[in-house]
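Novice: Each chain, letter by letter, is given below.
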Amino acid sequence: MKKSDDIPTIDYKQIFEHSPAAKLIIAVDAPVYTILDVNRAYLMRTNSTREDLLGKSVFNVFPASPDDGISENIALTIDSFERAIQTKEPHTMYDYRYDIPVRGSDKFEERYWTTTNTPLLDEHENVKCLIHSPVNTTAIHKMEERAQERLFSILMQAPVGIGIFMGPEFRVELVNPPLCELYGTSPEEMFGRPVFDVLKHAKGMGFEELLENVRITGETYIGESVSVPIVRKGALEEVYVNFVYEPFRENDGSISGVIAVATEVTEEVRIRMKLKEAEERTRLAISATGLGTFDLNYQTNELVTSTVFSEIYGFQRQATRDEYLKVVHPDDLYIHQLAHKHALESGRLQYELRLVWADKSIRWIRVEGKVIFEAGQASRLLGTVLDITDQVEAKKEQQKLIKLVSDSEELLRNITSAVPTGLWMADSDGSVTYINQTWIEWTGQPYEAHLGRGWINVMVKEDRRHIASSLLQAARSKTVFEVEFRFLHVDGKIHWAVASGSPQYNEDGGFTGYIGALVDITDLKHLQQQKDDFIGIASHELKTPVTSIKAYTQVLERMMLKNGHGKDAELIRKLDSQVNRLTKLIEDLLDVTKLNSGKLQFNDRNFDFNDLVRELLEDLQRTTESHILISELAPTVTVFGDRERIGQVLTNLITNAIKYSPKSNQIIVRSTIVCNEIQLSVKDFGIGIPKANLGRVFEQFYRVSGDMQHTFPGLGLGLYITAEIIKREHGRIWVTSQEGKGSTFCFSLPLIKENT
Amino acid sequence: MHKAKKIIVADDDPAILDAIRLMLEFEGYDVECFPNGNGLLDMAKEAADLLLLDIWMSGTDGRDLCQQLKQQESTRDIPVIMISASHDIKSSALAAGADDFLAKPFDITELLDKIEKNIATN
Numbered sequence: 001m002k003k004s005d006d007i008p009t010i011d012y013k014q015i016f017e018h019s020p021a022a023k024l025i026i027a028v029d030a031p032v033y034t035i036l037d038v039n040r041a042y043l044m045r046t047n048s049t050r051e052d053l054l055g056k057s058v059f060n061v062f063p064a065s066p067d068d069g070i071s072e073n074i075a076l077t078i079d080s081f082e083r084a085i086q087t088k089e090p091h092t093m094y095d096y097r098y099d100i101p102v103r104g105s106d107k108f109e110e111r112y113w114t115t116t117n118t119p120l121l122d123e124h125e126n127v128k129c130l131i132h133s134p135v136n137t138t139a140i141h142k143m144e145e146r147a148q149e150r151l152f153s154i155l156m157q158a159p160v161g162i163g164i165f166m167g168p169e170f171r172v173e174l175v176n177p178p179l180c181e182l183y184g185t186s187p188e189e190m191f192g193r194p195v196f197d198v199l200k201h202a203k204g205m206g207f208e209e210l211l212e213n214v215r216i217t218g219e220t221y222i223g224e225s226v227s228v229p230i231v232r233k234g235a236l237e238e239v240y241v242n243f244v245y246e247p248f249r250e251n252d253g254s255i256s257g258v259i260a261v262a263t264e265v266t267e268e269v270r271i272r273m274k275l276k277e278a279e280e281r282t283r284l285a286i287s288a289t290g291l292g293t294f295d296l297n298y299q300t301n302e303l304v305t306s307t308v309f310s311e312i313y314g315f316q317r318q319a320t321r322d323e324y325l326k327v328v329h330p331d332d333l334y335i336h337q338l339a340h341k342h343a344l345e346s347g348r349l350q351y352e353l354r355l356v357w358a359d360k361s362i363r364w365i366r367v368e369g370k371v372i373f374e375a376g377q378a379s380r381l382l383g384t385v386l387d388i389t390d391q392v393e394a395k396k397e398q399q400k401l402i403k404l405v406s407d408s409e410e411l412l413r414n415i416t417s418a419v420p421t422g423l424w425m426a427d428s429d430g431s432v433t434y435i436n437q438t439w440i441e442w443t444g445q446p447y448e449a450h451l452g453r454g455w456i457n458v459m460v461k462e463d464r465r466h467i468a469s470s471l472l473q474a475a476r477s478k479t480v481f482e483v484e485f486r487f488l489h490v491d492g493k494i495h496w497a498v499a500s501g502s503p504q505y506n507e508d509g510g511f512t513g514y515i516g517a518l519v520d521i522t523d524l525k526h527l528q529q530q531k532d533d534f535i536g537i538a539s540h541e542l543k544t545p546v547t548s549i550k551a552y553t554q555v556l557e558r559m560m561l562k563n564g565h566g567k568d569a570e571l572i573r574k575l576d577s578q579v580n581r582l583t584k585l586i587e588d589l590l591d592v593t594k595l596n597s598g599k600l601q602f603n604d605r606n607f608d609f610n611d612l613v614r615e616l617l618e619d620l621q622r623t624t625e626s627h628i629l630i631s632e633l634a635p636t637v638t639v640f641g642d643r644e645r646i647g648q649v650l651t652n653l654i655t656n657a658i659k660y661s662p663k664s665n666q667i668i669v670r671s672t673i674v675c676n677e678i679q680l681s682v683k684d685f686g687i688g689i690p691k692a693n694l695g696r697v698f699e700q701f702y703r704v705s706g707d708m709q710h711t712f713p714g715l716g717l718g719l720y721i722t723a724e725i726i727k728r729e730h731g732r733i734w735v736t737s738q739e740g741k742g743s744t745f746c747f748s749l750p751l752i753k754e755n756t
Numbered sequence: 001m002h003k004a005k006k007i008i009v010a011d012d013d014p015a016i017l018d019a020i021r022l023m024l025e026f027e028g029y030d031v032e033c034f035p036n037g038n039g040l041l042d043m044a045k046e047a048a049d050l051l052l053l054d055i056w057m058s059g060t061d062g063r064d065l066c067q068q069l070k071q072q073e074s075t076r077d078i079p080v081i082m083i084s085a086s087h088d089i090k091s092s093a094l095a096a097g098a099d100d101f102l103a104k105p106f107d108i109t110e111l112l113d114k115i116e117k118n119i120a121t122n
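One line per chain: the protein sequences are A and B, in this order.
Numbering (my numbering) for the first sequence: 1 to 756.
Numbering (my numbering) for the second sequence: 1 to 122.
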């Protein structure tokens, strides 16, 4: 190590002199600020010599350049000196202009500096001088300036409007031609002025607030298709603008203003609106088959209408709005007014009203429309009109019909409720689908209780199976249906009713079920019972005198024969045969009565069929001289049945055969055995039966109406009783006949009798 | 000549009683007539060859009488023919013990045949 005295003495004055940083020592003798010292670097930077500067006021040797009207470099520098002196701390001025005089001329060189003024303190902490050390930043500054100029030139030439608005007043820092064009101004009008001082008409519409918000918060604001009022060529116009407000930041990041980027989209918006309008109009036009269309301008109250529109209103040509309104039915004007008022709120127009044409005819129209809004203002109303007179008429007619139908339905309902007859309907399965009020009232059962198969429950148990099978069978064969049954009436008594039904068919001929009636025949049944009782008693009572008459007659006949009064006896015999006829009539009456009341008794047992036939044929042959009874019998069989009733049948058939064949002389009785049945036929050669009456001969009270020469007495009960007996003996009875040629009555009886 | 057979006839109709009496007496029978059942049983006990009973008599049912007759030892063997206006009665008459049945109005020959047949059987 070297000793301290080995270290050469450092000449600091020499270091100052040769420092590459420019330095000036300035006295604190404001306002002069005398230059106390200067180094070589400073002299070089300022094109000065030591003699130029030493001992002189800094502001004298570096006066303000007449070219520099804006930088106020002298004041700025004095301010910096003062700050450094006052604070006793270095003070730096950044990138400021301070031009340097060209020595020996009155010219200046433009220079930019960043300079620090450092105070030097004495032992009393007083500032004894200032070290003024400038750094030449001209080159950098010029570069920056060029860059900024380039940027500005780019901004100025940009095809979108760009403006920079500084400070709280939004002074125009920059505005490019497109933005000026958008604003309808010139750059000269705007530069350096608060933007809303220029664009007065845009004041108070919220733009200030938007800008202020961006300036304060730094948040970007994007506006799309915003309507902006602009004065162009002296006229206020509405334009649409897309714009962005962005914060304008300084180098240190602070926000000093707002950059606005804006493009006018008025044309696009208009086109879009027109497109929408066109679409709307097209839509209306498409649905305008027979539609009149109209276009009402709210601003001008001008109404453009289509030909169809005019025609609907009864005009040959396009008319004015007032003319159209005059056609509106005076009573319907309020509808028009209300609808239009409502349309302004809802955007939709819809109403129907009447027009009165010039010829006084009334037309109904339906108007529909849509309000077009521009900038929140209703600008136009596009719509259609349709003549709906026919529709309204049709609707009225329909309503009339509905009224008629409902009237007739009500009438029908009233009738069905009022008739003293139950009414019913059933579907094709025999399931009941309807029952009227009368039947509900008779049975005391609610409507639902009768539906389906429920109706059966009101009937007395013994009759249910019978009636159910009757209906089902009828439904299967689609035949007319009639059955009597008993039911429990709401009065607590058992009533008799007859149910009848007719098969129903739809238009295509398909079977749909039954419609029928239910008649309370209780009274009828009682009357019938009374009649039956009466006839029963009457016949019985008649028999008593007939019995004595017959007895007397026969005694008398015998007496006369004994006493040789043969001729008188013959008379009495005739009397007896008349008594026999009377007896037969009484018997028939009694039998019918019993049949109808179900009281005819049958004493079924096994008997020999041929025995019975032969016995009866012998007896009957004795009663007739006019006819020969011919028998052709199959080998005998045993039949289970009431011998006397079956004998009665045979007797009836043979006596009828004799009675109705007065001009012939034989009756053929033939028996055959066919498939477990004995069949017996009685064939005559008499008057026969007309085809039309064939089906009725077995009915009660059917009588043969002969011609004038031949009348056939009788009550019309014989064949009815005969048929009923055969039916109850589980046999069949039928007849074939040819009018004028004779008839063949047949009956069959089963050989294997069911044990019922 | 053997003694005439005695026939007791009961019917509530006087005309029938009268006619039957005429008829039977004409044929040589001894006839005793009753308008109802009163005293009939006693008479039958004494002497009767046959009874002819109507079924419906006011106050008496011929079938009850018949049953009583058939239950009494003394009258059990006397044949009973029942007469009725109704054919349907026949089976119940036979059930009551009647030997035969005849429906009104009857033929005289038929009645006499039945009487002869039943007396002969007895």
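To be clear, the hints were calculated from the coordinates, so they are not data collected in a lab.
Remember, predicted model here, so these are calculated numbers, not experimental data.
Treat the hints with caution; some may be incorrect.
[To be verified] Straight-line C-alpha distance at most 25 Å; calculated DMTMM-like pairs for lysine to aspartate or glutamate: (1) K584(A) with D77(B); (2) K90(B) with D611(A); (3) K525(A) with D113(B); (4) K107(A) with D122(A); (5) K90(B) with E311(A); (6) K395(A) with E311(A); (7) K584(A) with D30(B); (8) K117(B) with D588(A); (9) K562(A) with D113(B); (10) K90(B) with D95(A).
Novice: Give a verdict on every hint.
Specialist: Each hint tested on the structure:
no.: 1; hint: K584(A) with D77(B); result: 35 Å, violated
no.: 2; hint: K90(B) with D611(A); result: 21 Å, holds
no.: 3; hint: K525(A) with D113(B); result: 44 Å, violated
no.: 4; hint: K107(A) with D122(A); result: 39 Å, violated
no.: 5; hint: K90(B) with E311(A); result: 103 Å, violated
no.: 6; hint: K395(A) with E311(A); result: 23 Å, holds
no.: 7; hint: K584(A) with D30(B); result: 32 Å, violated
no.: 8; hint: K117(B) with D588(A); result: 30 Å, violated
no.: 9; hint: K562(A) with D113(B); result: 19 Å, holds
no.: 10; hint: K90(B) with D95(A); result: 158 Å, violated
Violation of the numbered hints given earlier is confined to hints 1, 3, 4, 5, 7, 8 and 10; the remaining hints are satisfied by the structure.
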